[in-house]
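Using the hints, position chain B against chain A.
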Amino acid sequence: MFDSGADVIERDDFCSLAPIGWLHHKMQDSFFLVVGTGSCQGFLQTALGVMIFAQPRFGTAVLDEDDLAGRDVLTALLPVAQAVVAEHAPKAIFLGSTCTPEILKMNVAGCAPAIERETGVRVYPARMDGFDASYTEGEDHVLLAMVERSPTGNDANLVILGCLSPIEEAEIRLECRAMGLPVPSFLPDESALNLPPIGEKTVIAPVHPYLYQTCAYAARERGARIPPMVFPYGPDGARAFYETLAAAFGKSVSYEERERGAWASCEREVEALRGRSIAFCSDALLELSMARTLRAAGAHVPFVATPKVYKKFHALESQRLAGVDVLEAPDRFAVFARLMSEHPDLVVANLNIANALEGMGFNVKWSTELTFQPIRGFSGAQALFAMFASAVRRHDALARGRASVGSEVNPIDLNFFRPERHRVPERIA
Amino acid sequence: MKLAVWAYQAPAHVGVTKAASSFSGIHTVLRAPKGDGYGAIMFAMFERLGVVPPMTVSAMSQETLAGAAADIGRAIVDVDRRLAPEMIVVTRSATAAVLQEPLDGEIAMIPAGTVKAEIFQPDTHPVRDTEISAFAKTVCQIVDHFAVDGRTRTLEPSVNIIGPSLLGFHDWANVESLRRLFDDLNVKVNAVIPLGASPADLRAAGAAWLNVTTALELARPTLERLHQRFGTPYLETVPYGELGTTRFLGELSQILEIPKERVRYSARNAKLGWYARTVDAHALSGKRVGIFGMPSAAAGIARALADELDMRIEFAGTFVTEEGDWLRSRVSDLCSEVLVTDDFQDVARAIDRTRPDIMFGTQMERHSASRFGVPCAVISPPAHILNFPLGYAPFLGYDGANYLGDVVNQTQVLGLEHHLIETFGPRGQGRFAEAAPEGKEEAVPTSSELNWDPSAERLVGRIPFFVRKKARVNIEKYARERSIAVIDEATVIAAREHVGG
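Chain order of the listed sequences is A and B.
Going by my numbering, the first sequence runs without a break in its numbering and finishes at 429.
Going by my numbering, the second sequence runs without a break in its numbering and finishes at 1501.
Bear in mind the hints are in silico, worked out from the structure with no lab data behind them.
Note that beta-carbon positions come from the ideal geometry of N, C-alpha and C, so glycine has one too.
Please note: incorrect hints may appear among the correct ones.
[Unchecked claim] One-sided excerpt, in silico: chain B residues whose CB lies under 8 Å from chain A:
| hint | residue |
| --- | --- |
| 1 | K1002 |
| 2 | V1005 |
| 3 | A1040 |
| 4 | S1093 |
| 5 | S1133 |
| 6 | V1189 |
| 7 | V1192 |
| 8 | I1255 |
| 9 | I1258 |
| 10 | A1281 |
One chain only, chain A, in its complex shape:
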């Protein structure tokens, strides 16, 4: 037990409450009521603080000692939900259960029908604990709660699953029209009340690689069809995505020309990446898709460290990444050692180690940004490559500036604060 260097310490993973940040913006009539500890509240405040200042359409029902000691959940939760309804008048409440209720086997989800009855507001119970979910999978759990509630249907329809910006939705809508496919429904939509019917003739197209649970549920419980996907990241991903949609409705459409055109429009960004090596050690679950399209763009990907790979759900992405070493939930220090030996031109990393890696001399791209940008589809491809290209250009520019003077940067560590730093060393004095 004690001599193994196995994967025991933290996986550099963000909390799965984080998607509340974008989901509450997407669904303007929603309120996210999280049942948890002061820590959940603190996380939301710290991670999404700026948004709280703008519009607090989320909050934490903080468990106190009576709750922890076994007070009836509904008795405590109902007045909080009623106050939320009185103050914010949401059309729907997402009732998020977190780690502590899970440990205590508190039936938070079981409160949803009663709260809905008492307040007249729809309540979606979502499991948002972060024991095993990656942070982006918080969105998966929210969408799962919505799909559970969606009506069944007998008509053929297309559901685009996953939170998208209006511009990304517009592209998909236009392409579907051009291909003669059904008008797609989007989940989530602008209203938290909008639920597309989901039945056996429904085709669900997930746009993110982190929506496995929702897809699995829709297939299992509703018989919906979820074709194996390459996710719509980069021109190659967008092409595969649209061709898959067409095929799902029995149409054969080629997007070869379209893909070529998209690559041509991305040339300025792609040019900066061609021949560069880019390694991933982040936790957005977008790693496989990003690495795949960067490789298609001519970059070299020495390895991809990601929290998990869903063998079937990610099968096509994995196939296209053949030859690239994919490390699942690796130990952080093993990744550091690997980086030291490979020394890639760019490392895509999480917020909590990004500065540390810069301190070690790597050029880092902050990974959380990947989830906030409208980078899907053909029209998002330039923005996608620009995130990486600008990091490479920026690094080169700073290095040129430094080289012109020949000085080094001083990364801040704890010795920075120590008294001896203020003494002139003897060798200089």
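Quick look at chain B alone, frame taken from chain A:
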């Protein structure tokens, strides 16, 4: 269960981590679901640390819930082997505490000699302690653990500075400012605790002649413990403002027997007092301010603004509720209202009610004040990355007093400009016209029984927007008291004559 959208203090485990990880050579292992480890991101981002943040999460998983052992031992062994700290502080979040995992037992099972670091579990409560109380206790317990008895005092006069930490408020600059002062006085800094202090520094904690602090609420247990064990005297005064710094140095020089001329010499760059005498600052007299923040900061800055700049304190307050009485004892002569609350809405209401000329508060007050068009300077955590400036921006010592003067200056509406606007109204196309376009102004509830004549409306429209609402209220009150049904120009003029404004 209570709804919380925003809180002044983080949970206890964040306080423990902030304290423990601020020492050098000490690493924190937090037992928690991974999301509770967001403190690591704050270290990395706010302090811009170019090293792996000195904390590690031993993450709970589904297997943990199914009854698997916490395996905290493996996390400890790993950290020890890879980072070789001198001490590993083990703590858990409230969520982890609920599960009641037998961490002690698991730690005891680590074979002897496997881990070189000392393992230390601070005695704090994951639910009952707050960020600040957990921080203060952790610092005290770690210092107490390492401090070695029987050390003699340093040869030359020396101090420990207790309170500064990672994620502290302008702490790097505060330490630098105090260091410059102590250099002038030939006083050595024995240790800065916890920020950067190593276990070796802590072993010699008893060697300092005197302990001082940058925030009493963070340092009190440590100050008292060191006094108890080593008889080290300590100063409760935190050097805010020029007078506060002079008072602080007066107390310090008495204990350390430093000649008065030398203390006076150290004030050679102090400018706040002179600034107050210059005509530029005359307009500050009687300006009304509200203050809210950490107790030491609120008290120190309230005193400086009132005693040194002749400003009027409408209210002072703190979110550290257990320090409410202390704050009252420090500022009750300056203001009638001392606000002790951890609900930011209470503070927002106080700002709305008093409409101070300047608010001094946390990032939340900056937000609240902006809703009422009140300018706000941030003087206390909770902070934003903007409150971690690269440059030298201390709040303590003489340099800090100078900086406070700058903050006041940059936050308030400037003197001459203010006069002109008051006299002629915000008619020009200057910044006030832009700052408050007519449509954006808050709606003022007009009482049903009162009618405003258009001429009176025009007149009131020329009152600067930031006092317009108050003027309206005063005029309506005046009209109501005299049963005036229609407010015209004459009423406005008369009201101004009687109630001012």
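Hints, one by one, checked against the model:
1. For K1002 of chain B, the suggested interface contact is upheld, since its CB lies about 6 Å from the closest CB of chain A, less than 8 Å.
2. A least Cβ separation of about 4 Å between V1005 of chain B and chain A falls short of the 8 Å threshold, and the interface hint therefore holds.
3. Interface restraint check for A1040 of chain B: the shortest CB-CB distance to chain A comes to about 4 Å, inside 8 Å, so the restraint holds.
4. Here the hint on S1093 of chain B is kept, as its CB sits about 5 Å from the closest CB of chain A, short of 8 Å.
5. The restraint placing S1133 of chain B at the interface with chain A is violated, with a minimum CB-CB distance near 13 Å, outside the 8 Å limit.
6. Taking 8 Å as the C-beta contact cut-off toward chain A, the hint placing V1189 of chain B at the interface holds, the least distance being around 5 Å.
7. Satisfaction of the interface hint for V1192 of chain B is found here, the shortest Cβ-Cβ separation to chain A being roughly 7 Å, below the 8 Å cut-off.
8. Annotation: interface hint on I1255 of chain B violated; nearest CB of chain A at approximately 21 Å, more than 8 Å.
9. Contact between I1258 of chain B and chain A, as hinted, is not supported at the beta carbon level, the nearest pair being about 20 Å apart and thus beyond 8 Å.
10. For the restraint placing A1281 of chain B at the interface with chain A, the shortest Cβ-Cβ distance is roughly 32 Å, beyond the 8 Å limit, so the hint is violated.
Hint compliance for this structure: hints 5, 8, 9, 10 are broken, all remaining hints hold.
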